[in-house]
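Using the sequences and the hints, build the whole thing.
Residue numbers (UniProt numbering), protein chains in the order written: chain A, 1 to 202; chain B, 1 to 202.
I should point out that these hints are in silico values taken from the structure, not numbers from a laboratory. Quick caveat: nothing in here was measured; it's all calculated off a predicted structure. The C-beta atom is built at its ideal place from N, Cα and C for all residues, glycine as well. Be aware that one or more of the hints could be misleading.
[Unchecked claim] Okay, the calculated bits of chain A under chain B, using three or more residues with CB under 8 Å as the criterion: (1) 145-158; (2) 164-170; (3) 185-196.
[Stated by the list, open to error] Distance ranges between label pairs, derived from CB positions: (4) A/A128 <-> B/E131: 36 to 44 Å; (5) A/E105 <-> B/R68: 51 to 59 Å; (6) A/A76 <-> B/A128: 28 to 36 Å.
[To be verified] Anything over 12 Å on all C-beta distances counts as not near chain A; from chain B, calculated: (7) D6; (8) A38; (9) C43; (10) G64; (11) A73; (12) V92; (13) R99; (14) E103; (15) N104; (16) D113; (17) R142; (18) E173; (19) E189.
Number of protein chains: 2
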Amino acid sequence: MSAKTDARRDALRTSLVDIAERQISEAGLGALKARTLATEAGCSVGAIYNVFSDLNELTMAVNGRTFRRLGAAIEADLADVPEASPQERLVVMSVAYLRFASENEHLWRCLFDLRVTELDAVPAWYRAALEDLFAMIGGPLREIFPDLSATDIALMTRALFSSVHGIVSLGLEQRISGVPRPQIERMIELILSNLTEQSAAV
Amino acid sequence: MSAKTDARRDALRTSLVDIAERQISEAGLGALKARTLATEAGCSVGAIYNVFSDLNELTMAVNGRTFRRLGAAIEADLADVPEASPQERLVVMSVAYLRFASENEHLWRCLFDLRVTELDAVPAWYRAALEDLFAMIGGPLREIFPDLSATDIALMTRALFSSVHGIVSLGLEQRISGVPRPQIERMIELILSNLTEQSAAV
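Right, here's the structure in full:
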């Protein structure tokens with residue numbers, strides 16, 4: 001393939017990810033349709049499938065951006081509190097997660113709405129982005145629980161992420177938890193302070 | 001309306017909930033369609049809307065059953081351990097929740113997939129069923145944290161439910177947490193033991 005063709009493919013690829021990102025951000029993953037994508041990108045529907053194998057792969061690319069923006073948002077908040085204890089850092093990260101989720105609700109839900117049935121279908125770069133996020137949690141946890149094995153730290157990282165995710169996810173849906181936003185933050189603090197205020201009860 | 005017409009309406013209502021429950025159980029909420037419901041119930045599409053205002057109301061009725069079955073499953077497991085401490089009861093309830101979710105995955109996800117935009121759209125009986133579930137968690141929590149106010153117990157109940165829900169929900173989706181089932185149980189125990197092994201760190 002010529003360099004010129006490559007450049008054209010790359011431009012279409014970027015343009016499609018831009019458009020899909022905006023469409024998901026405005027109306028959720030359910031609103032993503034090949035036809036409207038093609039119309040907005042000024043290409044044929046077939047051209048989409050020349051650069052992405054299916055809409056799942058395109059959505060993955062959008063999710064990759066969302067993961068990176070989420071990571072950057074958390075890191076920016078952490079940079080504001082260089083003196084924070086590991087416990088405080090976990091709270092700062094969780095509140096940053098809550099804010100990112102509420103400000104980017106459709107894009108954030110899309111990270112979880114995309115059902116991938118086979119684990120192998122998840123590209124390596126996607127799993128790496130997830131591992132980067134988990135690593136940000138693992139750091140403070142190792143400081144709080146210095147005696148835990150690497151396996152238990154990994155398990156606790158996922159348990160803690162899942163817990164905060166559950167509180168944020170149900171909290172943002174008024175229907176289930178039915179609590180106002182400051183109470184969601186207090187729930188996170190309640191769980192995290194109880195979880196981390198002892199040295200090791202595993 | 002005559003008693004005979006009432007009885008006929010009730011029979012159609014029950015029959016539609018039965019069919020919808022089976023369809024959701026087999027293929028998820030996304031598969032629920034008025035036309036296939038009508039075909040299976042042997043009625044017209046219009047007849048569905050004589051007994052339910054829309055498919056949301058029908059889905060609510062299915063969810064009501066699921067809530068009651070979930071409550072019964074948890075109570076049955078609790079009845080097996082009459083001597084358990086409040087901490088142990090919370091673990092038993094959470095593991096029962098995990099098992100129910102994995103054995104009834106589509107029906108269980110449907111409890112959360114049904115997006116209700118206005119809080120008022122949630123019928124009183126639905127909220128009562130939810131409160132019954134929360135009350136089961138509140139009992140042991142009050143024993144563990146006797147000094148907490150009713151408001152804090154309510155908040156902790158929701159925080160704890162949301163945490164366990166997050167672990168179960170992401171845990172059952174291999175993609176995100178990528179851990180086998182026994183590890184999901186261990187994550188629940190990890191969170192719950194850390195959360196409840198001290199008298200009050202709120």
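Lying within 36 to 44 Å: is that true of the beta-carbon distance A/A128 to B/E131? Between A/A128 and B/E131, where Cβ atoms are some 43 Å apart, the hint holds.
When you look at the beta carbon of B/N104, is every beta carbon of chain A farther off than 12 Å? Fine: 17 Å to the nearest Cβ keeps B/N104 off the interface.
So B/D6 supposedly isn't at the interface. Is its beta-carbon more than 12 Å from every beta-carbon in chain A? holds (31 Å)
Quick one: are A/A76 and B/A128 within 28 to 36 Å, going by C-beta? violated (43 Å)
Quick one: work out the minimum CB distance from B/A38 to chain A and report holds if it exceeds 12 Å, violated otherwise. Non-interface label stands for B/A38: nearest chain A Cβ at 24 Å, farther than 12 Å.
Evaluate the condition: distance from the CB of B/C43 to the nearest CB of chain A exceeds 12 Å. Non-interface label stands for B/C43: nearest chain A Cβ at 29 Å, farther than 12 Å.
Looking at B/R99 again, its CB stays over 12 Å from all of chain A? holds (17 Å)
Decide, holds or violated, for the assertion that all CB atoms of chain A are farther than 12 Å from the CB of B/D113. violated (10 Å)
12 Å cut-off, C-beta based - B/A73 kept clear of every residue in chain A: Holds, because the least Cβ-Cβ distance between B/A73 and chain A comes to about 19 Å, which exceeds 12 Å.
The output says B/G64 does not contact chain A. Does that hold with a beta carbon cutoff of 12 Å? Non-interface label on B/G64 holds, nearest chain A Cβ at 14 Å vs cutoff 12 Å.
Examine the segment 164-170 of chain A for residues whose CB is less than 8 Å from any CB of chain B, and state whether their number is three or more. holds (count 6)
Taking the closest pair, is the beta carbon of B/E103 still more than 12 Å from chain A? The assertion about B/E103 holds, with a minimum of 19 Å to chain A.
Hints 5, 6, 16, 18, 19 from the list above are not met by this structure, while the remaining hints are.
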